[in-house]
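Trainee: Starting from the given sequences, assemble the full structure and let the hints guide the process.
The lines below spell out each chain.
2 protein chains.
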Amino acid sequence: MPQDRIDIRIDNGLLVTCDSEDNVIKNGWIAVQHNEIVMIGKTGSEAKPDASDIIDAEGGIVMPGLINTHTHLPMSLFRGLADDLPLMEWLNNHIFPREATHINPESVYMATLLSCAEMLLSGTTTCCDGYFYEDSVAEAVRQTGMRAVLGHGVIDYPAPGIDNPDQNVAHALAFTEKWMGRTDLIIPSIFCHSAYTCSENTLKKAKAAADQNQLLFQIHAAETAGEKETMLSNHGVTPLQYLDRIGVLDENTLIVHGVWMDAMDIKIVSTRKAKISHCPESNMKLGSGIAPVQEQLNAGITVGIGTDSCASNNDLDMLSEIDCAAKLQKVKYLDPTILDAKTVLKMATIDGAGAIGIDHLTGSLEPGKQADMIIVDIKKPHMIPMYNPFSHLVYSARGSDVRDVMVAGRMLMRNRKLLTIDMNAVAASEYFMTD
Amino acid sequence: MPQDRIDIRIDNGLLVTCDSEDNVIKNGWIAVQHNEIVMIGKTGSEAKPDASDIIDAEGGIVMPGLINTHTHLPMSLFRGLADDLPLMEWLNNHIFPREATHINPESVYMATLLSCAEMLLSGTTTCCDGYFYEDSVAEAVRQTGMRAVLGHGVIDYPAPGIDNPDQNVAHALAFTEKWMGRTDLIIPSIFCHSAYTCSENTLKKAKAAADQNQLLFQIHAAETAGEKETMLSNHGVTPLQYLDRIGVLDENTLIVHGVWMDAMDIKIVSTRKAKISHCPESNMKLGSGIAPVQEQLNAGITVGIGTDSCASNNDLDMLSEIDCAAKLQKVKYLDPTILDAKTVLKMATIDGAGAIGIDHLTGSLEPGKQADMIIVDIKKPHMIPMYNPFSHLVYSARGSDVRDVMVAGRMLMRNRKLLTIDMNAVAASEYFMTD
Chain A
-2 MPQDRIDIRI DNGLLVTCDS EDNVIKNGWI AVQHNEIVMI GKTGSEAKPD ASDIIDAEGG
58 IVMPGLINTH THLPMSLFRG LADDLPLMEW LNNHIFPREA THINPESVYM ATLLSCAEML
118 LSGTTTCCDG YFYEDSVAEA VRQTGMRAVL GHGVIDYPAP GIDNPDQNVA HALAFTEKWM
178 GRTDLIIPSI FCHSAYTCSE NTLKKAKAAA DQNQLLFQIH AAETAGEKET MLSNHGVTPL
238 QYLDRIGVLD ENTLIVHGVW MDAMDIKIVS TRKAKISHCP ESNMKLGSGI APVQEQLNAG
298 ITVGIGTDSC ASNNDLDMLS EIDCAAKLQK VKYLDPTILD AKTVLKMATI DGAGAIGIDH
358 LTGSLEPGKQ ADMIIVDIKK PHMIPMYNPF SHLVYSARGS DVRDVMVAGR MLMRNRKLLT
418 IDMNAVAASE YFMTD
Chain B
-2 MPQDRIDIRI DNGLLVTCDS EDNVIKNGWI AVQHNEIVMI GKTGSEAKPD ASDIIDAEGG
58 IVMPGLINTH THLPMSLFRG LADDLPLMEW LNNHIFPREA THINPESVYM ATLLSCAEML
118 LSGTTTCCDG YFYEDSVAEA VRQTGMRAVL GHGVIDYPAP GIDNPDQNVA HALAFTEKWM
178 GRTDLIIPSI FCHSAYTCSE NTLKKAKAAA DQNQLLFQIH AAETAGEKET MLSNHGVTPL
238 QYLDRIGVLD ENTLIVHGVW MDAMDIKIVS TRKAKISHCP ESNMKLGSGI APVQEQLNAG
298 ITVGIGTDSC ASNNDLDMLS EIDCAAKLQK VKYLDPTILD AKTVLKMATI DGAGAIGIDH
358 LTGSLEPGKQ ADMIIVDIKK PHMIPMYNPF SHLVYSARGS DVRDVMVAGR MLMRNRKLLT
418 IDMNAVAASE YFMTD
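Here the protein sequences come in this chain order: A and B. Read left to right, the first sequence gives residues -2 to 432 (our numbering). Read left to right, the second sequence gives residues -2 to 432 (our numbering).
These are calculated hints, taken from the structure and not from any lab test. No residue lacks a Cβ here, since even glycine has one placed at the ideal position from N, Cα and C. There could be a bad hint or two in this list.
Stated by the list, open to error - Cut-off 20 angstroms, straight-line C-alpha distance, at most; resulting in silico cross-link-like pairs (EDC-like, lysine to aspartate or glutamate):
| no. | chain 1 | residue 1 | chain 2 | residue 2 |
| --- | --- | --- | --- | --- |
| 1 | A | Lys376 | B | Asp247 |
| 2 | B | Lys329 | A | Asp332 |
| 3 | B | Lys414 | A | Asp332 |
| 4 | B | Lys39 | A | Asp432 |
| 5 | A | Lys23 | B | Asp432 |
Stated by the list, open to error - Using C-beta positions, here's what the derived DEER-type ranges look like:
| no. | chain 1 | residue 1 | chain 2 | residue 2 | range |
| --- | --- | --- | --- | --- | --- |
| 6 | A | Asn412 | B | His99 | 30 to 40 angstroms |
| 7 | B | Glu86 | A | Met261 | 28 to 38 angstroms |
| 8 | A | Glu43 | B | Asn90 | 30 to 40 angstroms |
| 9 | B | His99 | A | Gly297 | 34 to 44 angstroms |
| 10 | A | Tyr154 | B | Tyr384 | 24 to 34 angstroms |
| 11 | B | Asn20 | A | Met85 | 30 to 40 angstroms |
| 12 | A | Asp160 | B | Arg411 | 47 to 57 angstroms |
| 13 | B | Asp259 | A | Leu416 | 34 to 44 angstroms |
| 14 | B | Tyr384 | A | Asn89 | 13 to 23 angstroms |
| 15 | B | Arg2 | A | Leu416 | 44 to 54 angstroms |
| 16 | A | Asn20 | B | Asn20 | 54 to 64 angstroms |
| 17 | A | Gly297 | B | Glu292 | 36 to 46 angstroms |
| 18 | A | Asp160 | B | Met261 | 56 to 66 angstroms |
| 19 | B | His99 | A | Gln140 | 43 to 53 angstroms |
As the list claims (entries may be wrong) - Here are some chain A residues pointing at chain B (derived, C-beta under 8 angstroms):
| no. | residue |
| --- | --- |
| 20 | Pro83 |
| 21 | Leu111 |
| 22 | Leu118 |
| 23 | Gly284 |
| 24 | Ile287 |
| 25 | Ala296 |
| 26 | Asn311 |
| 27 | Leu325 |
| 28 | Lys327 |
| 29 | Asp332 |
| 30 | Pro382 |
| 31 | Met383 |
| 32 | Tyr384 |
| 33 | Ser393 |
Mentor: As C-alpha cells, then:
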C-alpha cells in the first residue's frame, strides 16, 4: 500500500480517532483513497504513502466529523422568529402559522442550504433530519456533499405539502423509494412526529414501512411533562411504554428527546435496543426538562446528540451542544465526574453514528471507514494552553475553530471557505429577508 | 455640536443601546470624542458630526461591550489541566499544587495577557477579577487598554506571593493604594475568597479597608451545598446569613455565585442591596447547582454574569455564557418565558456594570457614557435570518462574531485583529508549553 499513490494525505495532525480504544495519535497522518480512510499512521513510525494532494493540519486536531442526530433543517427560516414563549403559544401562534404560509419546496431548499452551510462551518458532516417537502431537503443536501439520514414527516394533521393526512405515510414512503440507493450519502428514513400527533394505526403503518426496507424510524417521545401526562390520561401508560405496547421500539428506532423517562421506560428502551437522540439546548430553551442521560448510558442505551431545529436552539453548532450536554448532566446530578469530555465527544461522533444506524460507515477515524473528518485549529487564544484534546474539544472549542471539513473523501470546506455552497446567493434569498 | 469635528463616528449600525428604555436604533450612528460617547443618532434624522475616523458597522449590531463580573484571569494557565473531577480533588490535587509551583509574577502577567486576548476577541470590554500577584494582572490589563475592577486575593492560608496569611489584608490594601487613581481604566477592589477560608476578623478587616475607599468588596458565597452545610454546622446559619451577621453585606458587596440561597438569603441580599455575580457554566461544570436567578431578580437584586476562571468553564466567552444562563433558568423552572433574551443581555451589560459599581461609566450606549462598545457581524450563516437582535445576540451569536472592540474611545480590536496584544509573543510563552 505505501508504494501506491493515494488521493489525499492529511499530515501533521493530532488524531482523535474516537475508535474503540479512544486512540489519540500525535504527529499523525491519514491516507484517503476515493471516499475511504485507507491508512492511519504516526509520522516517523510508518512509511507514508505518496498522495496527489497533501493537507497540512498544522498541528491541529483531526477528528471524525460531528454527527447531529436530530435536525429540522428548513426551520432555519424561523431562527429567532419567536423566543421565550410558552411551548404551545410558540407552536400554535408562531411556528405552525408560519409553516402554513412560508413553507414551500423552494423555501425548504434554500433554508436547507443555509443550514448545511452553518453545519459545515461548525464541523458537522452528518445529520439526521425530519421535515416536510423532504425531497427538497434531500436535493439541497446532495448539492452540498454532506451525509444525511432523511425522513419525510408523518403527522395526522394537514401539513405542508400534504393536505390529506390519510396520505402521510404514502408520502413518506414515496420519499424513501425515490432516494433509496440513489446516492451513498443520502440515506432515507421514516420520521413520525409523535405518539400524540399520530394515531396507533399511523405509527404501526409507518414503522412497518420502515422495517420493510430496514430504515431508521425516528420519533419525538417523552419531550415534556405535559406530553407524559397526556399519554398517561389517554392511554394509561408513559410515552415509551405506549410505543413499546404498539410494537414500534427496536434497534432501528430513534427516540428523540427522551427527557421524561422513568426507570421502567429506560429499561424498556434498553431491552428493545432502541436509540436516543439527546437535544439538551432545545430541552433547556423550551423549558422541557433535563434528560436522565447518565441513567440511559448506565442502562447500555446508545445516546447521540442533536441540536434540534434553529427555531428552538437557535443554532446547529454541535461543539456548543456537547459543551452544554456535559455541563447539564453534571449539574442535574450535582456531580462533576458525570458525562466526562471523552464520553460526550463520542456521543457526538461514533455513538451518534450508532444512534442513527450508520456506525459501520462513519463516526471514527479507522481504515475502512468513510473519510468523514474535520480539522480543528488549536492555535487561538481560547485554545491555549492544551493539556487534553477531549477536554479542549468539549469545553473550549467553538464551531468557528473548525478549519477544514471532508465528507467521503471530498473537501467541502477548506480554510473556512465553503466549496459546495454559494453563501452569497443563499444569503440574498427573499426567504431570509425580515424587513 | 454637529459642526465640530469629533474623533470617531461609527456609521450604519443596528444600535442595541441597553439604555433604560432598551432603545434599538436601525441605521444608527454614534459619535465618540476622546473617551466618551457624545452623540447618538439615526441616519437621516439628525445631522452627523464630521469625524476624523469613520468606522462602517456594515449593518452589524453595535452594542455596549460585554461585562464579565467574575474572573480569575491568570487561571487560563490551567485551562483544561484537570476536568470532570470531584471539586475537592480538583482543587486539592490539581489546582492548588499547580498554583504553588506555576504561579509567579511573570506567569500571571503572561496568562492575563492571554485571557485579555480571549476576552477582547469575544467582545468583553470590562472584567471584575480577583487573584494573587494582582499587581501583575493590573500591569497586563493596563497594557491591553481594557477596563477592569481588580482585587488582590485575601485568604487565611499561605498563598502565591503571601507566605504569611497575617499579611493578606495588608497585601490587598497595598495593591489598592498603588492603583487608586493611577489610570481611569483600572479600578481597585478588595477580594476575599470566602467565609470558609477567611476568619470573621479577616473578613471584617478587609471589608473595612474596602469601605474606607468606597471600593467593591468581592466574595465567593453559597457556591455549593457542601459550603452551606459547613457554614450551618460551624456557625448555625447559611453563608449569606453569616456574612450579614458580621456586617459585610451592603451595596458595595458583590456575592459571587449565590447558588444555594433560600428565600431568607435572597431577602437579606435584597435588603442590603448587595449584588450577585451569576456564573452558570462554572456552576454546571463543577456540579455546584443552579442559582435561583429568577427569584433573585424578582427580589430586585442586581445580578451580573461571570464566566469564572478558565479552569472551571473552560473559556471566557460571555456570549456563550448568556446563552447558557438564559437556557439554564428556563429548564430549572420548566418555563421558557423566564430570563428572556433582553433581560439576560442587560445582565451582561448595564446590570453587570451595576453589579460591580461602574454603571455610571459603562454598560450602555448613551451620551456621557464611556465609549465601551463592540460591533457584531450578523452576516454569517448562523446569524441568518434576523428577526430580533436581542434573541440573536443571546441564542445565535458566538464570540467569534465580534468584529471590532472599543474601550474608552480607543479601538482595541478592528476586523478581528488585536491592536494592543502581540498574540504570537504570548502564545510562544514557556508558561503555555504543555509537552
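Trainee: Does each hint hold? Answer for all of them.
Mentor: Hint check results:
no.: 1; hint: A:Lys376 - B:Asp247; result: violated, 43 angstroms
no.: 2; hint: B:Lys329 - A:Asp332; result: holds, 17 angstroms
no.: 3; hint: B:Lys414 - A:Asp332; result: violated, 39 angstroms
no.: 4; hint: B:Lys39 - A:Asp432; result: holds, 17 angstroms
no.: 5; hint: A:Lys23 - B:Asp432; result: holds, 11 angstroms
no.: 6; hint: A:Asn412 - B:His99: 30 to 40 angstroms; result: holds, 35 angstroms
no.: 7; hint: B:Glu86 - A:Met261: 28 to 38 angstroms; result: holds, 35 angstroms
no.: 8; hint: A:Glu43 - B:Asn90: 30 to 40 angstroms; result: holds, 38 angstroms
no.: 9; hint: B:His99 - A:Gly297: 34 to 44 angstroms; result: holds, 41 angstroms
no.: 10; hint: A:Tyr154 - B:Tyr384: 24 to 34 angstroms; result: holds, 25 angstroms
no.: 11; hint: B:Asn20 - A:Met85: 30 to 40 angstroms; result: holds, 32 angstroms
no.: 12; hint: A:Asp160 - B:Arg411: 47 to 57 angstroms; result: holds, 54 angstroms
no.: 13; hint: B:Asp259 - A:Leu416: 34 to 44 angstroms; result: violated, 56 angstroms
no.: 14; hint: B:Tyr384 - A:Asn89: 13 to 23 angstroms; result: holds, 18 angstroms
no.: 15; hint: B:Arg2 - A:Leu416: 44 to 54 angstroms; result: holds, 47 angstroms
no.: 16; hint: A:Asn20 - B:Asn20: 54 to 64 angstroms; result: holds, 55 angstroms
no.: 17; hint: A:Gly297 - B:Glu292: 36 to 46 angstroms; result: holds, 39 angstroms
no.: 18; hint: A:Asp160 - B:Met261: 56 to 66 angstroms; result: holds, 59 angstroms
no.: 19; hint: B:His99 - A:Gln140: 43 to 53 angstroms; result: holds, 51 angstroms
no.: 20; hint: Pro83; result: holds, 6 angstroms
no.: 21; hint: Leu111; result: holds, 6 angstroms
no.: 22; hint: Leu118; result: holds, 6 angstroms
no.: 23; hint: Gly284; result: holds, 4 angstroms
no.: 24; hint: Ile287; result: holds, 6 angstroms
no.: 25; hint: Ala296; result: violated, 21 angstroms
no.: 26; hint: Asn311; result: holds, 4 angstroms
no.: 27; hint: Leu325; result: holds, 6 angstroms
no.: 28; hint: Lys327; result: holds, 4 angstroms
no.: 29; hint: Asp332; result: holds, 5 angstroms
no.: 30; hint: Pro382; result: holds, 4 angstroms
no.: 31; hint: Met383; result: holds, 6 angstroms
no.: 32; hint: Tyr384; result: holds, 5 angstroms
no.: 33; hint: Ser393; result: holds, 5 angstroms
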